[in-house]
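The sequence shown maps to residues 1 to 120 in our numbering.
Everything labelled a hint here was simulated from the structure, so no lab data went into it.
Fair warning: there could be bad hints in the mix.
Claimed, not checked - Each computed SDA-like pair below joins lysine to any residue, with the alpha-carbon atoms no more than 20 Å apart:
id : residue 1 : residue 2
1  : K63       : D21
2  : K63       : G107
3  : K100      : D21
Unchecked claim - Using C-beta positions, here's what the derived DEER-type ranges look like:
id : residue 1 : residue 2 : range
4  : T17       : F105      : 33 to 39 Å
5  : L104      : D77       : 27 to 33 Å
6  : K11       : T112      : 30 to 36 Å
7  : G40       : L104      : 21 to 27 Å
8  : E69       : L6        : 29 to 35 Å
9  : N12       : D97       : 20 to 26 Å
10 : T14       : L104      : 35 to 41 Å
11 : N86       : A115      : 19 to 25 Å
12 : S50       : K11       : 23 to 29 Å
13 : K87       : K63       : 15 to 21 Å
14 : G60       : L104      : 37 to 43 Å
15 : L104      : A4        : 31 to 37 Å
Source: prediction; values computed, not measured.
The beta-carbon is built from N, C-alpha and C at its ideal position, and this holds for glycine as well.
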Amino acid sequence: HLFATLPKGGKNLTALTLNADVSGLSPMRWDGEDLAILDGDPGSLIYQFSITGSAGTEVGLLKLRKASEISDFAIQDGTLYAPLLNKNEVAAYAYPDGGKILKLFFGFGEPTGAAVSVLP
1 HLFATLPKGG KNLTALTLNA DVSGLSPMRW DGEDLAILDG DPGSLIYQFS ITGSAGTEVG
61 LLKLRKASEI SDFAIQDGTL YAPLLNKNEV AAYAYPDGGK ILKLFFGFGE PTGAAVSVLP
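Using the sequences and the accompanying hints, generate a full structural model.
Next up, the structure:
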């Protein structure tokens with residue numbers, strides 16, 4: 001993998017080195033403090049990395065119960081939303097804790113992506 005950062009106000013990307021191997025074409029999200037990266041595509045583990053300069057240090061690993069295959073996720077206000085592949089459900093988990101499903105959302109064809117939009 002090749003990861004890079006663009007510092008605030010910067011014009012050039014800087015190579016980012018992670019201290020743990022993340023496999024596959026992995027979706028990632030910035031949670032406001034750490035970088036969350038799905039391990040594999042599909043997968044069910046999400047690594048959390050603290051970023052300092054050009055180095056990412058693993059600070060957490062979320063295990064999502066009953067989510068053997070997700071290909072994307074979104075994070076909003078302490079909740080992680082993950083489409084469950086081969087099902088018509090999107091699961092909500094506590095973030096950054098992971099663990100058991102807090103809520104299931106139904107009625108989707110086969111959800112493969114996730115986004116959360118907060119309306120005014």
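Going down the list of hints, with the structure as the test:
no.: 1; hint: K63 <-> D21; in the structure: 16 Å, holds
no.: 2; hint: K63 <-> G107; in the structure: 25 Å, violated
no.: 3; hint: K100 <-> D21; in the structure: 25 Å, violated
no.: 4; hint: T17 <-> F105: 33 to 39 Å; in the structure: 37 Å, holds
no.: 5; hint: L104 <-> D77: 27 to 33 Å; in the structure: 18 Å, violated
no.: 6; hint: K11 <-> T112: 30 to 36 Å; in the structure: 34 Å, holds
no.: 7; hint: G40 <-> L104: 21 to 27 Å; in the structure: 22 Å, holds
no.: 8; hint: E69 <-> L6: 29 to 35 Å; in the structure: 31 Å, holds
no.: 9; hint: N12 <-> D97: 20 to 26 Å; in the structure: 36 Å, violated
no.: 10; hint: T14 <-> L104: 35 to 41 Å; in the structure: 40 Å, holds
no.: 11; hint: N86 <-> A115: 19 to 25 Å; in the structure: 20 Å, holds
no.: 12; hint: S50 <-> K11: 23 to 29 Å; in the structure: 24 Å, holds
no.: 13; hint: K87 <-> K63: 15 to 21 Å; in the structure: 18 Å, holds
no.: 14; hint: G60 <-> L104: 37 to 43 Å; in the structure: 24 Å, violated
no.: 15; hint: L104 <-> A4: 31 to 37 Å; in the structure: 36 Å, holds
Going through the hint list in order, the structure does not satisfy hints 2, 3, 5, 9 and 14.
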